Amino acid sequence: MATQVKVLYFGAAQQVAGKASEDFTAEDTASLCEQILERYPAMSRVTFRLALNRNLLKEESLLKENDIIAILPPFEGG
Amino acid sequence: MKNRYLVGGPITPLLISELMTLGNDDNGAGAVSIFIGKVRDDEVNGNRIKALDYSAYSEMAEKEADGIVKTVKAAFSDVRKVLLVHSTGMVKAGEASLFIMVTSGHRDHATRACRHTLEMVKERLPVWKKEIF
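Going line by line, the protein sequences match chains P and L. FYI, the numbering for the first sequence is -18 to 59, going by our numbering. FYI, the numbering for the second sequence is 86 to 218, going by our numbering.
One or more hints might be untrue.
Claimed, not checked - Which bits of chain L does chain P cover? Going by a derived footprint, with three or more residues having C-beta under 8 Å, they are: (1) 142 to 152; (2) 206 to 218.
To be verified - Here are the simulated EDC-like pairs of lysine to aspartate or glutamate, each with C-alpha atoms no more than 16 Å apart in a straight line: (3) Lys123(L) with Glu57(P); (4) Lys215(L) with Glu57(P); (5) Lys214(L) with Asp193(L); (6) Lys(-13)(P) with Glu144(L).
Bear in mind the hints are in silico, worked out from the structure with no lab data behind them. Everything numeric in this text was worked out from a predicted model, so none of it was measured. Beta carbons are placed, not taken as given, at the ideal position from N, Cα and C, and that holds for glycine.
Sequences are here, hints too, so could you generate the full structure?
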């Protein structure tokens, strides 16, 4: 079932979205990514990984109410 | 969560001095290896970088930094302390944005663990930079 989740944008993804966060309604990360790409077509030019509740995701995942999904472009620390 | 690994603005010589004092209260440590990362004034398309504006996913960065320190300590048995600090916000060219200090009983683990910490920071710390010209 689709639930409300919070999406955080960082780095280049934040520049494309023009905001730091927003809410989406999605059942899983695959459908969430589809919605994000539909809303921001330019996001397809940003390479990114996802973190679910601060943990880097290695595969698609189901979403629960109030989950926090972060859109993480390649890290640039150091 | 209190920020233990992120600091706003540059890592100043005063902060470096304080961190070194903090990490040096151990007479069993015979080796101290330090890495300081600085902002370069690279030229990009004819424009010289004046500063880098760092942003971070703070909550995840704190968790990852904690994990990096634990991983390094587990991987290098002679290591006694690992200090790791990264800047957020504006850091001018020439200023420091990353400080790593590893103490160990002997030199081998201090130098190798310091390098290993640096590579893990590059790989795991959710930090981004924006070039300011």
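These are the hints, each one checked on the structure:
1. Only residues whose beta carbon comes within less than 8 Å of a beta carbon in chain P count, and the region 142 to 152 of chain L has 4; three or more means the coverage holds.
2. Three residues within the 8 Å Cβ limit are the bar, and the region 206 to 218 of chain L against chain P gives 9, so the coverage statement holds.
3. At most 16 Å may separate the alpha-carbon atoms for a hinted pair to count; Lys123(L) and Glu57(P) meet this at roughly 13 Å.
4. This hinted pair checks out: Lys215(L) and Glu57(P) have alpha carbons roughly 9 Å apart, not beyond 16 Å.
5. A C-alpha spacing of about 32 Å is found between Lys214(L) and Asp193(L), which places the hinted pair above 16 Å, so the restraint is violated.
6. Taking the CA atoms of Lys(-13)(P) and Glu144(L), the gap is near 15 Å; set against the 16 Å cutoff, the hint holds.
When the structure is compared with the earlier hints, a violation turns up for hint 5 alone.
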